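Read in order, the letters of the sequence shown are residues 1 to 222 in the UniProt record's numbering.
Hints in this document: simulated from the structure, not taken from any laboratory. None of these values were measured; they are calculated from a predicted model.
Calculated pairs, SDA-like style, for lysine to any residue (alpha carbon to alpha carbon, straight line, at most 20 Å): (1) 81 to 67; (2) 81 to 93; (3) 81 to 143; (4) 81 to 132; (5) 81 to 131; (6) 81 to 26; (7) 81 to 30; (8) 81 to 33; (9) 81 to 139; (10) 81 to 91; (11) 81 to 142; (12) 81 to 144; (13) 81 to 138; (14) 81 to 141; (15) 81 to 137; (16) 81 to 140; (17) 81 to 92; (18) 81 to 136; (19) 81 to 27; (20) 81 to 135; (21) 81 to 29; (22) 81 to 70.
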Amino acid sequence: MLSTRGRRPASIVVEPVARGLLRIGLTPNMVTVIGTVVTMGIAVLLIPAGHLVWAAVASAVFTAFDMVDGTMARLRGGGTKFGATLDATCDRITDGALFAAITWWLIFSYQPHPSLIVASFVVLVASQVISYVKARGEASGFRIVGGLVERPERLILGLTGLGLQGLGVPYAIDVAIWALAAGSVYTVLQRLYTASRDRQAEDRIAPPPGTRDSDPMGANAR
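All chains should be modelled from the sequences, with the hints used to inform the complete structure.
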């Protein structure tokens, strides 16, 4: 939802940063990898140790690299297919690291009701599935735009809940996790429904390689 509406307001801050990084010789792909490594380090080191406020603030800052690298690519005349693949892959890695670290902290430090841990695992898995449905659908020619809980909403809710919990607000992380679990499951179903209503949804696809129907030699051998 925010990913389709928030880019233009954010560009006021992001563009000067992107221009500065280009001037010092960094490439969009370098910024993607640096942001991923630093964000992963913040998540897996600070969150399990209980430094929730610092983890939330630092993660929010370096997650902004996700917009900076794309802006850098645009300023250089446009991104590349490899750059887009690298960016999407790194997004999945950082999301997985963040919510895995939160789940670790819940289990070993927060010790909540087991249902909250289940909800956290739902968020961890669904965050990957939401992006996969879009990627696989678009590879099939579908147009899947938007959704209730996309990556910006996921990060805002998760990091806000984490930071508020670190500041002593009771049940802040509980509310964030449950909201994300419900919203993420809804978004998976929402995107699958969008795909099912696409005009190409009933088009036939070729059988996978190695099956009898895809192998004329095999068919003749019968």
